[in-house]
Amino acid sequence: MRRSFFGRNAVQSTLFLAVLLAVPFVVPNDYYLSICILACLNAVMVVGLNLLMGYAGQISLGHAAFYGIGAYATAICTTSLSLPVPAGMAIGIGLAAAVAWLVAIPTLKLKGHYLAMATLGFGIIVSIVFNEAVELTGGPSGYVGIPRLACGGYAVETDRGFYNLMAVVLALVVLAARNLMTSRTGRALRALQVSEKAAASLGIDIAAHKRFVFVLSAALAGLAGVLYAHYLCFIAPASFGFSASVQLVVMVVLGGMASVWGSVVGAFFLTVLPEALRNFEDIDILVYGCILVATILFLPDGLAGGLHRLLAKCRRTKVPHAPAD
Amino acid sequence: MRPPTDAAPLLDLAGVTVRFGGVHALTEADFTIRPDSVTALIGPNGAGKTTVLNAITGLVPVAAGSIVLDGHDITRLPPHRRAAAGVVRTFQNLEVFTSLSVLENVMTGRHILTRYGALASLLHTPAFRRAERDCRERALEKLEFVGLADVRDTPAGDLPYGRQRLLELARALAAEPKLLLLDEPAAGLNTRETAALGQCIRAIRDRLHVAVGLVEHDMDLVMGVSDYVTVLNFGHPLASGTPEAVQADPEVVRAYLGEEN
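So the sequences go chain by chain: A and B.
Oh and the first sequence: position 173 is 173 in the numbering used here, straight run, nothing missing.
For the numbering used here, add 1000 to where a residue sits in the second sequence, where the first one is 1.
Just to be clear, a hint being listed does not mean it is correct.
Here are the simulated SDA-like cross-link-like pairs (lysine to any residue), alpha carbons at most 20 Å apart as the crow flies [to be verified]:
(1) A/Lys197 with B/Gln1199
(2) B/Lys1178 with B/Arg1207
(3) A/Lys109 with A/Val99
(4) A/Lys109 with B/Val1060
Bear in mind the hints are in silico, worked out from the structure with no lab data behind them.
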């Protein structure tokens, strides 16, 4: 059988992009499209966080801080410093990555609960800065007047245009993440999650790999942050606080650890679910909680694992007389 | 094929001391492994055998002494650099990457030999595919060598105990080391599996030309496969030589059997 020039990951990402690009033709109005944009932004972050949590086994309870750093950095650069939008975005992503690199030096020596607490503390500190550095960030009332996304003479004016851009970005992020995880780096990360001792004795530089994946996941959060800032043109600290960090972790776990597609499913599911539950009015949070608990109880390996098993079951029932080998 | 006995040692530990707090786990230990040989390290429980392996592979810091591998001083290198220098090990308590498939475990063993950049991994360039194909083929060779090729796609954690030991062996060999250290490879194996392991160790020396350092309690295995034996007692080297010479050494007999004989 001839192997196609483009790998399986590239084919799947292209199909995924086609599905994403078809969504605007189905959703009834711009409000739903804006939910889809938020879902794409979340998915970019959750894929990044899953590389850290699901593959390398390192938890971060402060990931929304990198989202915020990206958003505020580009906001300040493109307004107060009047830099062009692409420059602001590059600085935002770069700053998120640089901060992650610095944070990684002391924190990634920690394990388990201690790493969770250190990253939690980091997230809270950054959140306090967003709230208290009023002259720089606008404080709790937020930062207004951020320009829309524009590059050269071309500006993304409509939600439809921004959504299409997000679809391309997400498809590329998924492709890059899946490619990376099916390489020696991905194997090394999964290996060090199981046994750092054994991984190190096979020549894998544990500290360098942990730092790399932490910086990469922070950069992806930064990417989501800069896009978010230029989409809404308004940002406030509440979007980047502790509850946002926790929500990202929930999306990773619910979607499925160590599954890039699971992260996409988890991010879309948990972004769209609250909207779908609006009909329940006063008890929507209660229903939301019940759905979370039920999913974790019945799908311990996440939505991705559940879907995978369902597909496998369908395939088995379709071919009842599979030849024994 | 056996080199003359005065050949320069592949591994040379000189006066190596390891302390845990106030406890001397290892005191001025000398230990050499010659190229193309199987050298066993034996001794009663708590003699410091695993500590020697940990010192060689960098898992415990050395308080004094030097460790030289093939002419390079590796005493202060971090563990991953020692693997690159050519020494790889297996573990007494299995450290198989349980969530990876059997083949992926062995491919991980080739981490330092599979060279391509971050950009190649992100884009899966033709160079990346060539390197991965090569990595897969070499890993499969090692699986065939230990007889695990039939379960290559099984999650490693699902293998029975004895086969996980073989998997660790294949994974270590995949790194193509100059020196392979085995920490009690026969622990938990039945007689038949132990005999197969002995065959495997001999093949590693004779066919792959990899020197083997063996820590083991199973004396039949040790005496059957070793070219040299070093006896360790309470952190001190007691005797060293061919299996026959060591077995006849009165000091060794006393350490193992007590004073009465």
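Hints and how they fare:
no., hint, in the structure
1, A/Lys197 with B/Gln1199, "violated, 28 Å"
2, B/Lys1178 with B/Arg1207, "holds, 13 Å"
3, A/Lys109 with A/Val99, "holds, 16 Å"
4, A/Lys109 with B/Val1060, "holds, 17 Å"
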